Amino acid sequence: MVKANNLLKRREVVKKIIDNRGESKVITGLGSATYDVFDAGDSDSNFYLWGAMGGAAMTGLGLALAKPDTPTIVITGDGEQLMGMGSIASIGVQKPKNLAIIILDNGYFGETGMQKSHTSQGVDLHSIAKASNFKHSFLINCQDDFDNFISFLPPSDGPIFANIKIESKNPPRRLPILDGVELKNRFRRNLGFDPL
Numbered sequence: 129m130v131k132a133n134n135l136l137k138r139r140e141v142v143k144k145i146i147d148n149r150g151e152s153k154v155i156t157g158l159g160s161a162t163y164d165v166f167d168a169g170d171s172d173s174n175f176y177l178w179g180a181m182g183g184a185a186m187t188g189l190g191l192a193l194a195k196p197d198t199p200t201i202v203i204t205g206d207g208e209q210l211m212g213m214g215s216i217a218s219i220g221v222q223k224p225k226n227l228a229i230i231i232l233d234n235g236y237f238g239e240t241g242m243q244k245s246h247t248s249q250g251v252d253l254h255s256i257a258k259a260s261n262f263k264h265s266f267l268i269n270c271q272d273d274f275d276n277f278i279s280f281l282p283p284s285d286g287p288i289f290a291n292i293k294i295e296s297k298n299p300p301r302r303l304p305i306l307d308g309v310e311l312k313n314r315f316r317r318n319l320g321f322d323p324l
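The sequence shown begins at 129 in the working numbering and counts up one residue at a time.
Because the hints were derived from the structure by calculation, they are not lab data.
Be aware that a few hints might be false.
[Said to hold, decoys possible] Straight-line C-alpha distance at most 20 angstroms; calculated DMTMM-like pairs for lysine to aspartate or glutamate:
no.	residue 1	residue 2
1	312	151
2	225	310
3	143	322
4	223	275
5	143	275
6	297	285
7	137	172
8	195	322
9	143	272
10	137	167
11	144	322
12	297	140
13	225	151
14	143	172
15	223	197
16	137	285
Note that this is a predicted model, so its numbers are computed, not measured.
Can you build the whole structure from these sequences, using the hints too?
Structure representation (C-alpha cells):
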C-alpha cells in the first residue's frame, strides 16, 4: 500500500504526459481526466468524452485500430475504467501497438461523491492488464516509476497500460467546451475527415 503523502499529483502527471504525447491523439474519460487534460493544454487532437462513462478505453481502441499509424493515448480514472472492464480484455486480444491506456487511480468515484472505488478495496487494474496480455503494464507508485513509464510515450510498442496512483485531492475544475457535436467535428477535422 502506498502512503497518501507519497502519491503523485494528478495535474503534474497529466501535464508531463501531454508534454510527451508527440503526435498522439488523446481520448479522455468522463470527469476529472477531462479537466486535467484541458488544463494541460487544449488541442484539436484531444477528444473529451462527455457522458459515456466506461467508454474511453473502447473509443481509444476503435481509433487505434482504424488509424494504426496514429499513436493513441487514453487518459481516464479508475472509476470510469471500472465501468468498462471488458475493454481491457478486448485490447489485450486486439494488441494495437499504437495504444496506451493511462489510469489516474485515486481510489475513489470522484464524479459521484467520492465513494471508495474498487481499487481502494483490493482490485488491481495493473494485474488485470497483465493477465489480459498487454505488452507493457506499469504500476506507478512514485516519481521514478512514472519517469520510467514516460519513455514509452508516444505509444508504438503496445498495447501499454499504466495504473498511476495519484492523490485524491481534486484541483479546481477546468472545463473544455461542452458541445459534443463541436468536439466530434473538430476531432474529425484533426484526423483528416469531414465533419458529420
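A quick look at each hint next to the structure:
| no. | hint | result |
| --- | --- | --- |
| 1 | 312 / 151 | 18 angstroms, holds |
| 2 | 225 / 310 | 29 angstroms, violated |
| 3 | 143 / 322 | 30 angstroms, violated |
| 4 | 223 / 275 | 24 angstroms, violated |
| 5 | 143 / 275 | 13 angstroms, holds |
| 6 | 297 / 285 | 33 angstroms, violated |
| 7 | 137 / 172 | 25 angstroms, violated |
| 8 | 195 / 322 | 16 angstroms, holds |
| 9 | 143 / 272 | 16 angstroms, holds |
| 10 | 137 / 167 | 14 angstroms, holds |
| 11 | 144 / 322 | 31 angstroms, violated |
| 12 | 297 / 140 | 13 angstroms, holds |
| 13 | 225 / 151 | 15 angstroms, holds |
| 14 | 143 / 172 | 16 angstroms, holds |
| 15 | 223 / 197 | 14 angstroms, holds |
| 16 | 137 / 285 | 27 angstroms, violated |
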